[in-house]
Amino acid sequence: MVPWLGQVPPSAGRRASLGLMAVGWMMVGLALWARLGLPEWLAASRPPVVLEAFFGETVVPYQVETLVKSVQEQPFACEVRFVSADEAQAEAAKDERARSLLEAYGGNPFLRSLRVTLCPASVESYHTAAAWLGMQPGVASVRVPETFLSQLIAGGQQLRGTVEAASTAAGLAGLLVVLGALGLCGTLQETEAARWTRMGAGLGTLWMRALRAVAVPGLVSSLAAAAILEAAGAGVRYAGILPLKNLPQLPLWPHAADWMLAVGGAVAGLIASVWSLLPSVRRPNK
Amino acid sequence: MLQYLHVGKKLGEKWLFADISLEVKAGELVWLEGTSGSGKSVLFDMALGFAAPTAGNVFVNGTSPARAGFHARQQLRRGISLVRDDEVDDRDPVATWLALGPWCAGQLWERSCGASREALEKASLTGAAGLPFCELSRGERAALSGARALARRPHLLLVDWPNFFGTSLPGWLADDLRKYLSEGGACLVAGGPEGKAAEWGGRSVQMELPGAGR
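Line by line, the protein sequences give chains A and B. Each residue of the first sequence is one higher than the one before, counting from 1 in the working numbering. Each residue of the second sequence is one higher than the one before, counting from 1 in the working numbering.
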């Protein structure tokens, strides 16, 4: 085997740099997981938001059917259900206090309605959906759970802000750890590069050795972090299928992060390997 | 082969040495005498292009290492072997460490490994082939450093190892050194035991004392 491919002599510093690289890439990967997986996870974790469009007394079944079809075509609607006046009364009668009132009233005071469950992505633009429903022929009024929605949206924004800030901080800290570890690895490699340079090794040889000793560990550690997190992501995705039922509900692993880690590992490794060669190739000072 | 022409080196505001002129010709052995810190190692670094003279010029085979480009400098370095006691932390296996010398000088890896095996046999260190180089004794490191330097088939051998030519120089290495000199190799040695220059048939050159220059 050609020497530049051979084993890099182990040392405490090199072991430390490789360990730190692995830790740093894991931090970066976890930060990417939180950052990229958060929007989807937040949307999936939201309780269903239902807008209720009440029909006027004079609306005929044909109009109801037409509106149901029309609502089903809207991107904000994930589920549409027609509720008759009798069904609405039966639901209300489940409440003890309401039942006595209804019995005292005698007739059925409830209106027919359409219950539209908003798609998770459309929750924040519920005003648009409510306004659209309100403008449809036959719709007398639209009930919007304003208090619940404002709390849900504000809570989501607060959670998103916190997680984004924490993941950005963790990602930057991880990146600093990686760069520090690569810097250490590059600095340790300088000694070997100086020895080889003194013996007349060519630039190609020095460069290949720097790639082997610095860039490859940088890339491999980032790929290892991506593989570990990908496996963890599979555990999360199939938590309901595999015997892993006690796992907390987590965001799914964003596959784009695999590429980000791989490209980050390659670029950081290349930079560190070039850096490790600079002292050997520069011209001496007078 | 190697020429120092009115060479001076300034470190900060202070001259380490000034106006050194010296020539080492093919087949010649020159002993550079001087106290510790007089700049002998810096002169060696100048020959290898790792240090540039503040004044004067250094030429190796007519080329100035400090002014040459990287590729030209590496070509020059392939023809020079330096024996210096500064690889005490090198953890390369001994066999690899030995083979790296000729390989970096442009020899094939298989041939370099052959030279490595030969050196280990001569030094009776075949069993140590897999040990980290830094775990060898000082005497063993000196002997193998010399063997590696000669295996590179250099035009110029620089010895910057105190007492390299002392009592610990094994007979087989002394023979190889004599053969190298008789075949036209040049050698510049920093310091060494008194009387060794005469024993080896070389000449001595005295370095200036530190601070005695300009």
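None of these hints come from the bench; they were simulated from the model. A portion of the hints provided could be inaccurate.
[Unchecked claim] Computed, partial: chain A to chain B, Cβ under 8 Å:
| # | residue |
| --- | --- |
| 1 | V2 |
| 2 | A93 |
| 3 | R195 |
| 4 | N285 |
Because the structure is a prediction, the values reported are computed rather than measured. We treat Cβ as the ideally placed atom computed from N, Cα and C, and that holds for glycine.
Hints, verified against the model:
Annotation: interface hint on A:V2 holds; nearest CB of chain B at approximately 6 Å, less than 8 Å. About 84 Å separates the beta-carbon of A:A93 from the nearest beta-carbon of chain B, more than 8 Å, and the hint is not met. Look at A:R195: its Cβ gets to within about 7 Å of chain B, closer than 8 Å, so that hint holds up. Interface restraint check for A:N285: the shortest CB-CB distance to chain B comes to about 6 Å, inside 8 Å, so the restraint holds.
When each numbered hint is compared with the structure, a violation occurs for hint 2 only.
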